Amino acid sequence: MCLAVPLEIKEILDSERALVIQGSAEMEINISLLENPSAGDYVIVHAGFAIETLDIPEAEARLDLFEQMRTE
Amino acid sequence: MRFKTELSNPEIIKPILRQVEALAGKMGKDIRIMEVCGTHTVSLRKSGIHSLLPENIKLISGPGCPVCVTPTGYLDNALALVEDNRAVIATFGDMLKVPGSKGISLSRYMGTGRVRMVYSPTDLLDMAQQSEKPVVFLGIGFETTIPTIASVFLKAEQEKIANLFIYTAFKVVIPALRALLDIPDRYIDGFLLPGHVSAIIGTEAYSLLEEPGGVPGVVAGFEPADMLFAILLILRQIFKGENRVENGYPRVVKANGNPRARKIMERLLTPSSEPWRGLGIIPDGSMKLKDEFRRLDADVVFDLPQIKDYDPPGCICASVILGKKSPVDCSLFGKKCIPENPVGPCMVSSEGSCAAYLKYGD
Numbered sequence: 001m002c003l004a005v006p007l008e009i010k011e012i013l014d015s016e017r018a019l020v021i022q023g024s025a026e027m028e029i030n031i032s033l034l035e036n037p038s039a040g041d042y043v044i045v046h047a048g049f050a051i052e053t054l055d056i057p058e059a060e061a062r063l064d065l066f067e068q069m070r071t072e
Numbered sequence: 001m002r003f004k005t006e007l008s009n010p011e012i013i014k015p016i017l018r019q020v021e022a023l024a025g026k027m028g029k030d031i032r033i034m035e036v037c038g039t040h041t042v043s044l045r046k047s048g049i050h051s052l053l054p055e056n057i058k059l060i061s062g063p064g065c066p067v068c069v070t071p072t073g074y075l076d077n078a079l080a081l082v083e084d085n086r087a088v089i090a091t092f093g094d095m096l097k098v099p100g101s102k103g104i105s106l107s108r109y110m111g112t113g114r115v116r117m118v119y120s121p122t123d124l125l126d127m128a129q130q131s132e133k134p135v136v137f138l139g140i141g142f143e144t145t146i147p148t149i150a151s152v153f154l155k156a157e158q159e160k161i162a163n164l165f166i167y168t169a170f171k172v173v174i175p176a177l178r179a180l181l182d183i184p185d186r187y188i189d190g191f192l193l194p195g196h197v198s199a200i201i202g203t204e205a206y207s208l209l210e211e212p213g214g215v216p217g218v219v220a221g222f223e224p225a226d227m228l229f230a231i232l233l234i235l236r237q238i239f240k241g242e243n244r245v246e247n248g249y250p251r252v253v254k255a256n257g258n259p260r261a262r263k264i265m266e267r268l269l270t271p272s273s274e275p276w277r278g279l280g281i282i283p284d285g286s287m288k289l290k291d292e293f294r295r296l297d298a299d300v301v302f303d304l305p306q307i308k309d310y311d312p313p314g315c316i317c318a319s320v321i322l323g324k325k326s327p328v329d330c331s332l333f334g335k336k337c338i339p340e341n342p343v344g345p346c347m348v349s350s351e352g353s354c355a356a357y358l359k360y361g362d
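Note that the protein sequences, when read in sequence, are chains A and B. Residue numbers for the first sequence follow the working numbering, beginning at 1 and rising by one. Residue numbers for the second sequence follow the working numbering, beginning at 1 and rising by one.
With the rest of the complex left out, here is chain A (with noise of 0.2 Å):
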C-alpha cells in the first residue's frame, strides 16, 4: 500500500501534472502535493503523487557510509 518508487520528471506539464519516465515509457503524474518539483528531479511516486522529492546528495552519503563501513 505505501510502497513508493523513484521515478525520474521529464517534463512538467501544468501545475498539477508532469510526466516521469517508468523503464522505457512514459506515464503521467500529480504533482500537486511537492512544492517546486522541476525537471529532471526524481520524485518518490506513491498512488499516481509524487509524495516527495528524492535527496540525491542524501542518497550519495549513506552510500558512502556503507562503502566505508565495508572497507572497515
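To be clear, the hints were calculated from the coordinates, so they are not data collected in a lab. A quick note: this is a predicted structure, and the numbers were derived from the prediction, not measured. Hints are supplied without guarantee of correctness; some may be wrong.
Cross-link-like lysine-lysine pairs, in silico, DSSO-like; alpha carbons within 30 Å at most [what the hints assert, rightly or not]:
(1) Lys29/B to Lys14/B
(2) Lys263/B to Lys26/B
(3) Lys29/B to Lys46/B
(4) Lys254/B to Lys10/A
(5) Lys58/B to Lys325/B
(6) Lys263/B to Lys10/A
(7) Lys155/B to Lys254/B
(8) Lys155/B to Lys10/A
(9) Lys308/B to Lys325/B
Chain A is already provided as a structure; the job is to place chain B on it using the hints.
Same frame as chain A, now just chain B:
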C-alpha cells in the same frame, strides 16, 4: 542511479549484518523489533533479511496494513451499498478480496460495473463524471495515501462534482504507536518506522518515542541495506539504553516531512476516534471529513449504520496486528486460509502479515 542497485548489493549488506550479529551477541536476550509498516513486512521477507538476522533478533509485524486494520463492519457497509444498488464502489485493489461478515467480498461484483478498481485517486474524477450513479470511494490508508485522496476530493468539491463521495476509514500512525506502547507487559523493544508515512509526517512527529518509557525508533527505507542498517541503529540504541528517533531514510524523509501534503490532508479532514481491528477505538487514531465537507461523506449521505468489528471464527488477525501472535500460530494459516481464499484480512492484503509469511516464509 548508483544507489538503486548498490542498496541490495550483498557486498554492502554483509558488513552491516556483521555489526548486527556482533551487537546481537552482546544482548543476552531476545530483542523484538516491530516493523510498523506493511510494506516493510513484505520487503523484509521478500529480500530475505528476516532469515539473515541472528536468532535472538525477532521481527514482529505491526498494524501498518490498512486493509488489515479496517474492521469487517466497514466492509459490510460498503457491500450493502453495492448489493442494494445504491452506489458504485470505487476502491484500491487491496480491498476487493476482503470477506465481509457473510463471507462475501466486493470482488464478487467485479465486471458488473458496480465495483470499480482504481490505481490512482485521480481516476475518480473522470469515473464520477461518466457515471450516472453515485460513486463511493473507499478511503482507506495511512498518511502516505491520505493526501493523494484529499487532493482529489478537494478538487471534486471545487469542480462541484455532485455524485462523488468518500467513505473514510483513514488511519494515522502516531496514536497507534501510543496505543502499542500503552499495552501492559510491553513486548516491543524498538520500532522500525515507516518510510513513506514519515515522508509526509516527518521524523519530528515521533517525539512520543523519546519520552520516558519510550523505545528506539528508526525510520527506514525499503531496500535491503536500508532496512538492515535501521535494525542496526535500533540495536545500538538498545545496547546503550537510549530511546531516540533516528532517520535512516534521509534521502526521502525530512525532519518536518512534507508540510504541503499535510496541509491538503488537514484542509479536508480532522482527527476522529474510530475502531481499528485488534486495537479497538484509538483516540484520534483515524481521520474523517470536516463538517464543512459533509456533503462528500458517504457515511452521512447514505446514512450508513455504525460499524461493528467482527473476527471470522478461528482467525487471529487481531492478535497478529498487535504483534502478540505470529501468523504461524494460527490453526487456519496456510490450510483453510490462503491468499486465494482468505478467511481474514491479514491474508487478503499482499501486505498482510499472514500473506507475506506464507509467501516468503516466517
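Hint check:
1. Under the criterion of a C-alpha separation no larger than 30 Å, the hint pairing Lys29/B with Lys14/B is consistent with the structure, at around 23 Å.
2. A threshold of 30 Å between alpha carbons decides the hint, and for Lys263/B with Lys26/B the separation of about 45 Å lies outside it, so the pair is violated.
3. Taking the CA atoms of Lys29/B and Lys46/B, the gap is near 26 Å; set against the 30 Å cutoff, the hint holds.
4. Proposed proximity of Lys254/B and Lys10/A is supported: the alpha carbons are some 24 Å apart, at most 30 Å.
5. The hinted pair formed by Lys58/B and Lys325/B meets the criterion: a straight-line CA distance of about 12 Å does not exceed 30 Å.
6. Under the criterion of a C-alpha separation no larger than 30 Å, the hint pairing Lys263/B with Lys10/A is consistent with the structure, at around 27 Å.
7. Proposed proximity of Lys155/B and Lys254/B is supported: the alpha carbons are some 27 Å apart, at most 30 Å.
8. For the hint pairing Lys155/B with Lys10/A, the CA-to-CA distance comes to about 25 Å; that is within 30 Å, so the pair holds.
9. The suggested pairing of Lys308/B with Lys325/B holds, with an alpha-carbon distance near 23 Å, which does not exceed 30 Å.
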